[in-house]
Amino acid sequence: MLDLRQVSKTYRVGAFGGRRLHAVRGVDFSVRPGEVVSLIGESGSGKSTIGKMVLRLISASSGTIAFEGADIAGLRGHARTKEYYSRVQGVFQDPFSCFNPIFPADRVFELVRAEYAGAVSQAHWRARVEDALTTVGLDPAQVLGKFPHQLSGGQLQRLLIARALLLDIRMLVADEIISMLDASTRIDVLNLLGDLKARGLGILFITHDLSLGNYISDTAVILRRGRVVERGATSAAFSAPAHPYTRRLLASVPQLHTSWQQADARLAQEGEGECPGCAAGGRPGEHGPVDLADDHAVGCYTAA
Amino acid sequence: MRRVSLDVTDLAVYYRTLRGDVRALDGVSFSLADGEIMGLAGESGSGKSTLAKSLIRMDGRMRRIRGRVELDGTELPVDDQRAMVPFRFHEVSLIPQYAMSALNPTRRIGRMIRELIRSRGIDYTAVHPELLRRLELVGLDAQVLDRFPIELSGGMKQRVVMVLSTLLDPSLLIADEVTSALDVTTQRSVAEALAGFRDRGFITSMIFVTHDLALVHQIADTIMVMYAGRPAEKASSRTVIEAPRHPYTRMLLSSLPEVGVTFSGKRLEGIPGQPPGLLDPPEGCRFRDRCPLAFAKCAEEPPFTEVAPGHWAACWKVEG
Amino acid sequence: LAAAAGCTGGGDDSGGGGYPREETLYTTGTQWGPPVNWNPIMSGSYTTGVVGYIYEPLFLFDPQQQEYIPWLAESQEWVGETTYEVTVRQGVTWSDGEALTAEDVAFTYELAKFETVPYHNVWDYLESVEAVDERTARFEFTEDVRRQEFAYYTYSNPIVPEHLWADRSEEEVSTGANKDPVGTGPYLYEDHSEDRQIYAKNEDWWAIEALDLQVAPDYVVDIVNSSNDVTNRLLDQGQVDISNNFLPGVDQKIENNPNISSYYDEPPYMLSANTAWLVPNTTREPLDDPEFRKALAASVDVEKIIQGPYSNLVQAADPTGLLPVWEDYIDSEVVDEHGFSHDPGRAESLLADAGYEDTDGDGLVETPDGEPIELTLEVPSGWTDWMEAARIIADGAKAAGIDVSAEFPDQAALEDGRNAGEFDLVLNNERQISNTPWTYYDYMFQLPVQEQQTTVNFARYENEDAWELTQELARTPVDDTQAMQEIISRLQEIHLQEMPIIPLWYNGLWSQYSTQTWTNFPTSAEDTPNHLPTTWRNYAQLGSVLMLTELEPAGG
Amino acid sequence: MRRYLARKILVYALTFVAAVSINWLIPRLMPGDPVRTMLSRGSAGDPETMQAMRDYYESVFGLDQPAWQQYINFWTSLFQGDLGISVWLFPQPVTGILLDAVPYTLALLLPAILLSWIAGNRFGAFAARSRWLDNTLLPLGYILTATPYMWLGILLAWGLGVVAGWFPTAGAYGFSSIPGWNWTFAWDLVMHWFLPFASLFLVAFGGWAIGMRNLIIYELEAEYSNYLEALGAPRKLVRRYAFRNAVLPQMTGLAVQLGTIVAGALLTEIVFGYPGLGNLILQALNNRDFFLLQGAFLFIVVGVLIANFVVDVVYVVIDPRTRTQMQGGGA
Amino acid sequence: MSDSAIEAKAAQAETGVSGAGGVRWRDTAHFAVRNPKLLIGAGVVLALLATGLVGPLFIDNPPNAYVGPKSAPPGGGYPLGTTSFGQDVWAQFVFGLRATFLVGLVGGGIAAAVGMVVGFTAGYRGGLVDEVLNMITNIVLVLPALVVLIIAAAYLEARGIWLQGCFIGLTSWPWVARAVRAQTLSLATRDFVDLARMSGRRAYKIVFREIAPNMSSYLFMTFILLFGGAILIAAGLDFIGLGPTRGVSLGLMMHSAVSWSALSGGMWWWFVPPGLGITAIVGSLYIMNVGLDEVFNPRLREL
Ligand SMILES: Nc1ncnc2c1ncn2[C@@H]1O[C@H](COP(=O)(O)OP(=O)(O)OP(=O)(O)O)[C@@H](O)[C@H]1O
Ligand SMILES: Nc1ncnc2c1ncn2[C@@H]1O[C@H](COP(=O)(O)OP(=O)(O)OP(=O)(O)O)[C@@H](O)[C@H]1O
Ligand SMILES: [Mg+2]
Ligand SMILES: [Mg+2]
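Residue numbers (this note's numbering), protein chains in the order written: chain A, 1 to 304; chain B, 1 to 320; chain C, 1 to 556; chain D, 1 to 331; chain E, 1 to 303.
No lab work stands behind these hints, which were simulated from the structure alone.
Among the hints, erroneous ones may be present.
Claimed, not checked - Looking from chain E toward chain A, a few residues come up when the C-beta cut is under 8 angstroms (computed): (1) D191; (2) L195; (3) M198; (4) E210.
Claimed, not checked - Across the chosen pairs, the derived CB separations fall in these ranges: (5) C/T528 x D/T184: 49 to 55 angstroms; (6) D/S21 x E/G160: 24 to 30 angstroms; (7) B/R111 x A/D264: 34 to 40 angstroms; (8) E/L276 x D/Q65: 49 to 55 angstroms; (9) D/T184 x C/A554: 23 to 29 angstroms; (10) B/R61 x A/S30: 22 to 28 angstroms; (11) C/P477 x D/L29: 33 to 39 angstroms; (12) D/T184 x E/A113: 51 to 57 angstroms; (13) E/L49 x C/R284: 53 to 59 angstroms.
Claimed, not checked - The calculated lysine to aspartate or glutamate pairs, modelled on DMTMM-like cross-linking and capped at a C-alpha distance of 25 angstroms, are: (14) A/K146 x B/D80; (15) A/K52 x E/D130; (16) C/K304 x E/D130; (17) C/K179 x C/D204; (18) A/K52 x A/D195; (19) E/K70 x C/E291; (20) A/K82 x A/D3; (21) A/K146 x E/D27.
Because the structure is a prediction, the values reported are computed rather than measured.
By construction, the Cβ of each residue, glycine as well, lies at the ideal position given by its N, Cα and C atoms.
Work out the full structure, taking the sequences as your base and the hints as a guide.
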């Protein structure tokens with residue numbers, strides 16, 4: 001459904017754009033209906049940039065992003081953009097900043113209505129909103145008409161998901177949607193995503209928290225400095241991380257029942273490890289994705 | 001038991017607002033042994049930062065209502081800005097929540113440190129070698145002193161602040177959410193460096209504030225979980241993770257996914273409901289409304305008692 | 001800072017403290033910008049005092065007495081109908097030591113062959129000029145000689161030294177700054193800076209011996225004008241001795257401050273220097289109708305203007321507009337018959353008689369054809385006294401039933417419109433005192449009317465007879481007062497009957513003195529001099545320079 | 001850094017060209033004719049002579065050429081340092097007139113700007129967060145900035161000059177003084193300079209003080225201030241640090257305000273009959289003296305541009321944030 | 001002026017915005033009625049405004065009419081005395097206030113409008129548009145506004161208050177544009193802007209319906225500063241005789257008082273009130289502005 005082919009993004013930074021920053025370089029992956037793909041990587045690895053490109057909030061410097069077969073860069077004009085957004089929506093990290101603080105929180109629904117459902121009657125629309133709210137587990141009476149600061153982060157985040165559901169979307173980009181939430185609310189939101197996935201929604205789940213990525217996703221894409229270093233079924237990637245970077249990342253994740261020392265020990269025991277891709281025929285240290293198994297590829301760019 | 005370095009008794013600190021007092025800290029008692037790193041966990045708004053601030057520098061809206069704080073046997077005049085000054089930095093020190101913006105952007109780091117040290121009446125030359133040594137310890141070379149904060153990455157700034165805050169070997173270090181904005185790898189190095197400081201005796205004890213239980217578990221000796229302005233449970237970190245007594249702690253832990261747990265495999269559940277507002281909190285146990293074990297007695301405030309050696313909890317159900 | 005040009009001459013012996021107060025005369029009111037030009041030929045822009053203090057004319061003309069005072073010339077004579085001889089004074093030297101000769105006189109007029117010399121048109125009727133001997137210059141004229149104009153030139157044009165000017169190009173003559181002026185006058189250039197011009201006494205001035213005249217101040221410092229406010233402060237602080245600005249409210253000062261005085265000690269306080277006219281555009285309806293213009297003239301409440309904005313510092317003009325110095329030329333019979341004064345009733349009846357009636361009942365008259373009349377009186381914005389006057393004129397006209405409204409456009413815009421004939425009504429006063437009323441009538445009647453009327457006849461009034469008479473006046477010998485009077489009386493009649501421009505009031509020869517340091521300024525009193533008390537450019541030739549010879553230190 | 005400077009210089013150059021072109025154009029759109037204004041002061045009453053002189057002067061000023069030619073001539077002579085000849089103060093070259101006037105304007109402006117800025121900032125920083133000063137002296141600051149320059153100037157001139165008699169109220173030095181290198185003259189200069197300076201200073205001072213006060217309050221709330229206080233730094237140090245950061249925006253403020261202050265100086269000069277650019281500009285305007293106007297404007301624009309540029313550069317030097325940004329580095 | 005301060009605040013990205021963002025209207029009102037700066041400032045401004053609006057209704061003659069004795073000191077039928085022509089100074093003052101407010105409104109309004117449009121466009125569009133607008137802003141910024149105004153004012157044959165206001169507005173917007181641009185840049189990175197875009201909103205709607213309301217308090221404060229600034233600039237122009245060619249304004253009153261030697265004639269009542277009026281209006285506006293800042297910005301509030 002969503003296919004990224006050699007997508008790159010270069011920012012001009014510094015005063016007057018004197019320097020170039022390659023935030024994303026030649027990224028490939030796809031998201032199928034009903035699949036959750038998690039994009040995992042440390043800060044600055046280009047996760048959000050990919051998410052924004054998919055959402056057409058920024059344009060790709062090169063490569064193609066195709067949604068249902070059509071290159072989204074070709075969607076010119078207001079009408080086609082709108083059309084696209086009725087299929088693909090996003091939810092962002094900071095629920096507080098997603099709401100205009102001076103308006104009631106349900107304004108996000110009003111915006112959607114104004115653009116997409118002008119003809120729908122008030123009552124009908126209200127029913128749809130309430131429906132969506134119930135889907136995300138909110139009590140309409142509790143949240144409608146409230147200001148953002150009167151609602152909790154979890155509630156706000158769910159409002160945003162409900163907003164996306166008001167449109168007949170096929171694809172949801174969820175950019176760190178839970179990192180700002182309390183541990184207990186987090187899981188509720190994650191569970192909600194799980195339910196949506198069951199309804200056939202494709203989800204691009206962006207996170208730096210591997211345990212969360214693992215919990216919800218089918219496929220994991222590990223990013224490092226804008227490049228995909230490992231891609232594969234979540235189970236494979238986490239149980240048998242191939243790339244040394246993935247392994248190091250995993251060892252740094254604080255876990256309840258494993259201490260860092262233990263993780264280090266395991267890492268030491270298994271050996272830092274070579275990139276299996278290099279071994280499997282890629283040019284050492286500078287090769288693109290090399291398939292290790294069905295649905296498990298590794299890339300290596302240490303030399304570049 | 002080791003010597004107690006910090007002793008907080010029934011501390012209550014409210015924020016004055018237009019609509020009334022926000023009871024952000026409402027009767028907190030705990031003590032910290034020499035060399036202890038205490039993780040302070042709890043959801044957002046539970047009063048972690050308020051506690052941290054109370055121990056070193058209250059802001060203009062905070063009022064101490066009751067309670068006392070003793071550090072190494074002397075009482076800290078927490079609500080007297082002037083009287084607190086001699087304690088700050090020397091005895092109590094802080095790594096603030098936003099270490100990224102804690103350094104003056106227009107002063108070279110070295111100069112700022114020098115001026116700060118001198119302003120505290122300390123001979124900078126005497127401290128300088130130690131400063132360099134500690135910078136090296138956290139993996140920074142002496143050149144950072146000639147740089148401006150903006151020239152350093154977030155992690156580097158974080159470490160500079162760490163070194164600076166602990167330079168005078170304070171008894172108590174408060175680290176407020178120092179790792180929250182960092183990614184996992186940096187998080188780890190910072191946390192480990194802090195523990196290392198304790199190990200080397202740069203600081204006697206530390207309160208490590210975070211909302212990430214998994215992280216705090218990695219370095220803390222004890223963990224105190226707060227809920228709505230009150231401590232819910234305090235015990236050694238192992239105990240808190242493996243044998244929590246307070247229902248809140250338990251529910252919190254059970255909602256944490258771990259690597260390996262998946263949605264399709266084992267569906268985790270969150271804690272239903274929301275914490276009470278602190279403007280006018282209900283009487284009795286504040287977790288009552290969300291607690292599956294709540295019973296009539298919970299309308300009374302449960303005391304924070306030692307339910308086992310080194311294990312305190314505030315719940316009627318855990319007593320006995 | 002300022003070009004510290006240092007000082008030469010007298011400044012030093014005063015002990016380095018500057019120009020001694022009691023020997024220095026401070027003047028202001030003429031110079032509106034930094035002194036930059038000492039070229040006496042550039043009559044519009046030379047620095048205050050260049051003519052008068054440094055350069056001198058052949059004669060002075062004393063308008064009060066209506067007589068020519070021989071100055072550099074000792075005498076003059078029309079030796080024939082078209083031949084004129086002037087004898088220069090013995091013993092006059094230029095400040096560089098050279099003697100003044102008739103050659104210099106001849107040269108000064110030869111210069112006018114350059115088209116860009118302001119008195120170039122003397123060559124319209126001058127055929128030749130030559131020095132017949134050391135001291136006599138002879139002018140040969142054509143039949144058409146405009147004697148009145150030539151007489152004007154003899155006193156208004158300063159003589160320049162041939163030995164220094166002979167080699168100058170046309171450009172240098174007519175546009176050069178003449179930085180190092182060499183003249184014959186009572187003062188020498190001393191120094192100048194942005195905001196002042198300083199003269200030091202010329203100890204070798206010819207008149208000391210020849211006429212037993214001595215200028216009293218050792219130094220004259222002319223202060224560049226900046227604003228009334230500044231001048232007021234200088235005057236109040238006794239830092240300026242004579243100010244030639246129009247200072248509203250100065251009457252109060254004269255009345256209340258014993259140190260401040262003026263020519264008259266009662267209204268109008270000032271002598272009159274020029275006439276303010278209301279100029280109608282005689283090519284526009286209904287201003288092309290003399291009856292309408294007369295009605296307009298009768299509607300103006302001049303007294304109100306005089307008492308209002310001018311607080312009695314000026315006086316009402318004679319209906320002929322001739323300045324008080326020309327009193328003798330006013331033909332009272334003509335004035336009695338055709339003169340006008342503020343008389344709304346008469347204005348209304350004049351209008352009614354000429355067919356201007358209020359047909360639509362708005363209180364304002366329409367043209368005989370029933371067209372509404374809407375006139376605007378334009379006055380440059382910022383000319384506050386005129387602005388107030390214009391408001392009063394408009395009010396008066398409205399009261400008489402004529403719809404006039406006052407507008408205050410930018411000065412330059414106004415001038416553009418005025419010159420092109422695109423206006424209804426303006427105020428104007430661009431004729432000063434001179435040796436002859438001819439300058440007035442030339443201003444009033446000059447023909448032909450051109451596309452751009454830049455200096456005269458802004459009313460675009462066309463009357464061949466009047467222009468003939470004016471030209472005849474020009475040719476009349478200046479001493480033939482009889483003939484002049486006759487012509488002028490006929491011109492007056494035409495003026496008053498046709499009213500091409502409407503005289504309103506006489507603007508003052510603004511002049512107020514502080515008597516703290518210097519006394520014996522000209523006043524109307526018997527025992528004081530009565531030269532024109534001014535430093536205005538081109539007024540030195542009207543005898544105002546003589547004021548300096550009469551001053552007395554207040555202390556002594 | 002070099003790239004940044006190059007870029008800045010380009011912007012400034014463009015600004016310069018645009019500003020100067022606008023200035024070239026505006027007077028030419030104005031009604032009125034400089035040559036006629038000039039000649040009408042003369043006494044040539046004869047239309048033919050008038051016309052001859054007019055033609056002559058038009059060619060002197062190059063006004064007889066087509067506009068584009070005039071424009072090109074303007075730039076060519078500008079590059080030769082020639083600003084033309086003043087119409088009003090004919091035949092003085094504009095450059096000379098301006099060079100005589102500019103020192104006075106600078107003598108007023110530079111001290112007024114710098115001292116008011118320094119003093120205002122100090123005072124503002126001192127007053128910030130002090131309830132007492134906030135309620136007593138700061139309102140005075142607001143009143144001062146809100147005072148029209150000329151009004152204050154005139155009040156000072158009358159109060160301290162005419163009534164009290166302490167200061168002279170017109171000119172750059174006593175009209176009886178002879179310029180020279182001696183103390184008497186220097187003192188005379190200072191006395192004449194003081195009142196116009198004071199009125200400029202006071203108005204600007206109030207503005208800077210208030211700006212600083214507001215900025216300091218923000219800075220004292222900033223994280224780094226809190227951190228310093230938490231480490232027990234004395235109030236003095238905290239304030240000093242806050243001051244340093246607050247000064248930076250005040251510097252940009254200085255650049256932004258420059259035009260206004262220059263305008264204020266012009267008004268003040270007019271009030272005090274101070275022989276700087278102010279009176280020149282006003283008179284040049286009334287006399288339609290294109291060339292002098294252009295020249296004066298050029299001086300001001302160049303002055304303001306240079307000052308802005310200096311501020312830009314100094315800013316970069318003292319604010320590490322912009323510096324790092326320019327090097328393209330940073331966290 | 002406090003312009004620099006407010007601009008700097010804008011440059012420091014968050015401060016002003018978070019202030020505006022966190023507004024709780026009830027709190028704002030609470031602080032507003034307790035802020036002496038705001039109350040005093042607004043009180044004086046409103047009192048003068050009311051005088052300007054209502055006062056003329058009680059005056060029968062046009063302000064420039066000669067109605068009374070000449071140069072009468074305050075008292076009697078003329079609360080502020082008369083001019084040397086016998087014009088009622090009070091009448092002129094009252095009408096002048098009206099004109100002065102009008103200039104402030106027009107000048108400030110236009111400057112605010114232009115500044116905002118430029119600032120929003122530059123900040124939101126970014127890229128080349130931003131660079132070009134920035135350059136234009138810089139050009140106008142370094143042009144000495146008053147000098148340009150002097151020249152431009154002279155260009156106009158007849159000048160009215162409206163026109164004067166327009167000119168002032170057109171030259172005094174650049175710092176607003178800069179400040180608004182900085183604010184917009186910082187607000188445009190907020191996620192709610194992205195969310196609005198994902199709702200299919202058009203750019204201008206996002207700017208005016210999403211971004212601008214968030215800076216409303218800030219924009220209002222900017223307007224106040226511009227308002228005061230325009231009044232001062234107008235007074236300067238009036239003073240040197242380039243003011244409106246008809247009507248009255250406080251600046252013109254000062255101008256005529258000075259050109260008619262009011263001070264040397266001891267007629268302080270003609271010269272002092274207009275200056276004081278301007279100072280009072282502008283000063284109160286500034287004080288009010290600081291008050292507003294303290295009200296809108298939680299960080300400056302004091303309990
Ligand atoms: N608008 C921008 N202009 C310039 N550089 C940018 C911009 N947005 C992002 N970057 C840079 O691009 C790189 C990738 O940024 P991105 O936000 O995609 O990272 P991320 O993986 O989402 O990190 P995080 O976990 O911190 O959100 C970073 O180095 C960032 O500094
Ligand atoms: N300045 C203040 N004025 C009023 N209430 C405040 C203020 N600061 C904090 N509070 C309130 O006090 C309570 C405790 O806040 P605190 O900052 O201590 O929480 P926290 O546990 O540190 O949360 P977080 O994890 O989000 O930092 C919260 O309810 C908060 O809303
Ligand atoms: Mg991101
Ligand atoms: Mg906190």
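Exercise. Could you check the structure against the hints above and give me the numbers of any it violates, in ascending order?
Key: 5, 10, 11, 13, 14, 16, 19
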